[in-house]
Amino acid sequence: MTEFLTAAVGFILAMLALGLVSILRGPGDADRMMAMQLIGTGGIATLLLLGTVASLPAAIDVALTLALLATFASIAFVKKGLSSLDADGTAPTEPK
Amino acid sequence: MSIATIFEIVLAAVVLGLGIWTIVVRETYSATVGFVAYGLLVALIWVRLDAIDVALTEAAIGGGLGGVLLLGAAAQLRDSEPAVTDAAGNAVRVCAAILSALTAATLAGAVLVLPDPAPTLAPAAVSNAWATSLANPVTNVLMAFRAMDTMLEKVVLLLAIIGVWSLAPDSAWGGHPGPRHQADPHGVLVFLARLLPPIGIVVGIYVLWTGANHPGGAFQGGAILAAMWLLAIMAGLADTPPVSSRRLRLILVAGPGLFLVVGIAGLLFGSAFLSYPPAQAKPLILAIEVAMILTIAATLGLLLAGAPERRTGQ
Amino acid sequence: MSLLGDIITIVAVSAGAFFFLAGTVGLLRFPDTLTRLHALTKADNLGLGLVVLGLLPQAASLRDGFKLVSIWLLGLLAGATVSQLIARAARQGESAR
Amino acid sequence: MALKAASRAAWFLCLWLVLAGADPADIPAAAAAIAAATWTSLRLLEPSTARRSVRAIGQLVLLFLYHSVVAGTDVARRALDPRLPLRPGFVAYPTRLSSGIRRNVFTTLTSLLPGTVPTGEENGQLVYHCLDVEQPVVAELAAEEAALVRALYND
Amino acid sequence: MLPPAPAPDAATTTSGFLLVLSIVVPIAGVLLAFVLGGRYVRLVAHTIIPFGVAIAGAILLALPQNEGPLVYLLGGWPPPLGVALRADGPSAVMLATTAIVICAVAIYAAADFSVPAAETRAPFAFWILLLAVWGALNTIFLGGDLFTLYVALELLTFAAVPMVSLDGRAETLRSALRYLLFALLGSVFYLVGTALLYGLHGTLDIVLLSRRVGAEPAALVAAALMTTGLLAKSALFPLHLWLPPAHAGAPAAASAILSGLVVKGSFFIVVRLWFNVLPGLPGFAATQLLGALGAAAIVVGSMVALRQERLKLLIAYSTLAQIGYLFLMFPLAYDASGRLASGDALAGGLLQAVSHATAKAAMFMAVGSIYAMLGHDRITGLGGVARASPLNVLAFALGGIALMGVPLSGAYLAKDLLLRSANENGQWWWEIVLQAGGMFTAAYVVLVLAHALAASDKPIALAGPTSRIRDAAPLVLSLCSLLLGLVPLGLYLPIPSDMTSSLFGPGILSKLLLPVLGGVVIAILLSPWPHPLASSTSGKAIMTGATRVRRGSLALGYLVERTDEALSQWPAASMCLLLLALLLGALMCVAT
Amino acid sequence: MSGVTVFGLCAAAAVGLGLYGLITNPQPLRKIIAFNLLGSGVFLLFGVIGRRGAAAGMGNDPVPQALVITGVVVAFSATALAIALVLRLFQTTGSTTLSNAAPSGTGSNPSGD
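Chains as they are written, first to last, in numbering that gives the first Met the number 0: chain A, 0 to 95; chain B, 0 to 313; chain C, 0 to 96; chain D, 0 to 154; chain E, 0 to 591; chain F, 0 to 112.
Worth flagging that the hints you see were computed from the coordinates, not collected in a lab.
Hints should not be assumed to be uniformly reliable.
Said to hold, decoys possible - With beta-carbon atoms standing in for the labels, derived distance ranges:
1) B:ALA134 / E:GLY489: 44 to 54 Å
2) E:PRO49 / F:GLY56: 50 to 60 Å
3) B:LEU267 / E:LEU42: 23 to 33 Å
4) D:ARG86 / A:VAL20: 45 to 55 Å
5) E:GLU170 / B:ARG77: 21 to 31 Å
6) B:ALA264 / D:PRO27: 43 to 53 Å
7) F:THR4 / B:ILE97: 20 to 30 Å
8) B:GLY108 / A:MET0: 31 to 41 Å
9) B:ALA264 / E:LEU42: 18 to 28 Å
10) D:GLY99 / E:ALA110: 35 to 45 Å
To be verified - Residues from chain F that face chain E, not an exhaustive set, calculated with beta carbons under 8 Å:
11) LYS30
12) MET57
13) PRO63
14) VAL85
Since the structure is predicted, the reported quantities are computational estimates derived from the model, not experimental observations.
All C-beta atoms, glycine included, are put in the ideal place defined by N, C-alpha and C.
With these hints in hand, go ahead and build the complete structure from the sequences.
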């Protein structure tokens, strides 16, 4: 079982890496913003599997933190990355 | 070679690949994205190293908040990019590469020849846990055995705030840090900013509370709370408080302040500075941690918000 | 019981891994940002769900099981909302270009 | 109002129990967490007045789970198909839901429908990006909207 | 390996609580001032400072009554699990010096950073940062654990960097950023070494490590990395790119703190590391390398200093030279047994650090007053200043004279101690460097004084008011430095008892005149600006005889300045850092 | 044991990468990112050392873990301060370059200021 799960983590991690390659290459910023999304799902899956493999129940908490923080990071990405494009009508009003 | 080792090599390769991307890619914005991904994936290594406390910290502070901090700067500095022409020449690159590689190799060599069995303080930390009746040895180290470092580190955070604030234009002193965000009240961002923070608050407090006996603690919980606060700020649902606010300043010194008070009480009435009477150790430490989580959440949030930029009403 | 659990785990985790594969292939093959976004949100979320399903029999307690499910739900919520934000940004970026 | 607050608090209590388990020693932390979360939640999101039907919610959840499986399979099929069968395009959907939270909930749910991603609003209509514009997207969206209204917004 | 003796440092000593107080009091001041804000910031600082001075004094008094160092176990936890604070002679001396300098700067800065009714930015930041610097330095002097020292170092950096950019001008922002980035690089290096030492011996306690560390490869790597990191933070040549702009651009009071105290923090940790943690490790070659860098710093720093047009930059560059002087103690402490001995050389180096802390702070403050008065600090425009602001010029002169190493001053004693150990260890070549160092110092002091004392044809337009108290602060501080030789430092530093008597011995006149004369010659040869010295009769005589020599030396100076400029580019400096780390490691490896 | 080796090498490599980036990248923001990479490598080194010291039922020595947590917080504060400086520099000058701040530029030509 442990071998199977370890192999599964390795596989998902490899998929994650491949996905990251394609996303980080771009071309647009919107593509790069997806990176956080990808890590949000792939990273959580990896963490959960890893926690089970090493029987570290606390790894679930790391996954939980990752879920919250990856969401936050993606939002910051959308908000800051495209502030010039007024994403979601959320451009900051600069006090100039 | 076992499957586990192969997995570890894959993990290290992915993380290092992201590291290389971060360093060599031309655009700063892409480098930042790469670094955030790197920071979040390093948490996996920490889990693999059986250091869950650090994994939580790295995921929350190293990757999450740190990444967002860098990202905000990258977004603001985008226009400055073409102006930079003084890129390093090839000779410099080659020399730098050789020197960095040599340093890294020396370091790797030094790590590989470390003694076996390795010296460790784990048994000492575990066997002295009675003094605090907390089951998480990392929290014990942070809050009891090396409490001085933790307290000083809180002062470092405070100084970082003072340093960031000291960069404000004189006219904006006392005002709100960062821009005032406005968002479409019917947009998805606002929708998420209404839903997520309460959940984050429960998780953050849970991480703090569980830190007494399981991996977790004030830093990690504080970082989650800060993220939630910033989410509300970015969605325009809340504003950063003015830096002249007395209440804000009280929150910002609550952690180190209470730490100091408890420490001095130990000096006056107990056995030593920063010692806890065993019977009250747990409640005292938890009280300090509660003060610290508020301080950390406020500090991290304000560090991300930046220097004061505008007066109230601007 | 444990055998059944193990079978569920193996099947579900394998299926989850398959969807991660599909998502990555989609990311690599799909032509533009918005179509890639489909691949990312739909396939990967399902992959994560299946992995969570697969880990349920291995969970140490009922509470851990619930925790796993709530992480998945959180991931879904985040994925669903953030994908809208990205889609919006991408559409505006396209029209601005 | 108090009832709404209590129901929210109950949700956060559930969350706490899932996270930390039921231990009497946790009561102070749990109380603080639930109080803080409830207060924040009430401040950020005013309680809705619509009636809810538990049965319809259950149906919605099942529909939702089913959709996400179908959606994932659909994307996987298209991605792995060597011919890459994509006919991407935008479809406008005129929703009857009032703008704001309701519409947000709807778009969030439908972002997991097979082949659609909501990309914002134009002239009061929701604009969806579809992998295959020839699919009956609008009909599916209408069915989903009906299920949602039955479950949450039956006023 | 030493036998596991019942360690005398494993228990809190009676007056150990003083050590805690000396850290806690400034930090409590930081927190209090931050919360109260507004009008109270300066008040808090001025209330805290007397307490801090009293604590430092109490430690000075308590130490000789105690056998061995004062020890405090924080939380009652003995190392290796816990963290200990320890005060030995050097730490007590540094604590006292810091207290005196902080006190003087606080008096001096009272007017500059006065607090109006509403809170304003610069005073708020300055007073808090001042207290923070103090707390951080006290932690550095007392910390008995390498990681606590790391946190204290970072605390120091975080307090120092905003001081550089207090006035918010673009160039000070740039220098603050350079300072921060380079200092961070230095701390990372230090941290790597800490990790390796922990991996080797399972403790970071200085005393425990000193008993356990042997010549393992990892320990050598750790020592090399930590030393290099600390050198970057102390701005030893060639890792000085950040120092001149940062120290010259900061407000005068901040410059005094930065130049007088902050660089001493990382220097003190190097001393701890080499003399306490691993005295047997570095070996001959590595100590010679440190000394050579120090010598290079003296030459380059002084030559570039003499070419500066702005007074503050001149002093900043001279700081560079004097930091180099501090590092001459390392080769000289290396004795026949193959270890760094805590003897004459250590005492000399620390004494020099104390002299420099007081004198340089005084000089920066005096120059700050002159700057404020004139509205500029161009050296060529200093004519007539001596009449307009005699106290400040006097303070500058006394500080300079103290640093030159005239009898009675601490620098004199320090030089004597260093010369003596050079003699004992047969390292005659350092005697030349030591003498040259004194002359270079004399050169820039003479140069500035010559300009300041020169009569001015037009009256000086005063740009700002002067205040007696404010002018007194630098004067008192430079007097401290000048009379340091009279203080019974033998209680704290390993100074042989016959040293103080030599203060009044024969040959005193030659010891006084030699550096001054040398300095005059160097100043004339190297400074490119129109000289008041050259227009005097004696100067003319020299000039006519040596025009060609002067032209040659000016060209040399130009060359050195270009080299310095090249080394002050970021890539060059950071590569020097790596190179130095590798070189140090290699030299230590060869030695063992 | 081998996992420790792999991650130890990974940590050293991260340090090397960070150093390279810190030296060669001209933009301050990139230097800050490189510094973070470097710091993360050092922290990993601590993690590896702690992992080697696994004992007493703990998979990782708690003392290095505590040191890393403190270090991460300090590094974060440093990043925040550095970024605030960069942004302020950008606001006041419109560029973020670190170079041509060589102060001796004023001293080298006696005629100019």
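Structure-based check of each hint:
1. Taking the beta carbon of each, B:ALA134 and E:GLY489 are about 52 Å apart, inside 44 to 54 Å as hinted.
2. Distance hint check for E:PRO49 and F:GLY56: the Cβ-Cβ separation is about 51 Å, which falls inside the suggested range of 50 to 60 Å.
3. The hint said 23 to 33 Å for the Cβ distance between B:LEU267 and E:LEU42, and at roughly 25 Å that hint holds.
4. Distance hint for D:ARG86 and A:VAL20: a CB-CB separation of about 27 Å, inconsistent with the stated range 45 to 55 Å.
5. The hinted range of 21 to 31 Å is satisfied by E:GLU170 and B:ARG77, whose Cβ atoms lie roughly 24 Å apart.
6. Hint check: B:ALA264 to D:PRO27, Cβ distance near 22 Å, so the stated range 43 to 53 Å is violated.
7. For F:THR4 and B:ILE97, the Cβ-Cβ distance of about 24 Å falls inside the hinted range of 20 to 30 Å, so the restraint holds.
8. Remark: the range hint 31 to 41 Å for B:GLY108 to A:MET0 is upheld by a beta-carbon distance near 38 Å.
9. Between B:ALA264 and E:LEU42 the beta carbon distance is about 26 Å. The supplied range of 18 to 28 Å therefore holds.
10. Judged by the Cβ atoms, the range 35 to 45 Å given for D:GLY99 and E:ALA110 is violated: they are separated by roughly 58 Å.
11. Residue-level restraint check for F:LYS30 holds (minimum Cβ-Cβ distance to chain E is 6 Å; threshold 8 Å).
12. Taking 8 Å as the C-beta cut-off, the interface hint given for F:MET57 is violated, the closest approach to chain E being about 14 Å.
13. For F:PRO63, the interface hint holds, since its Cβ comes within 8 Å of a Cβ in chain E; the closest pair sits about 6 Å apart.
14. Below 8 Å, beta-carbon pairs count as interface contacts, and F:VAL85 has one with chain E at about 6 Å; its hint therefore holds.
Going down the numbered hints, you'll see the structure goes against 4, 6, 10 and 12, while the others check out.
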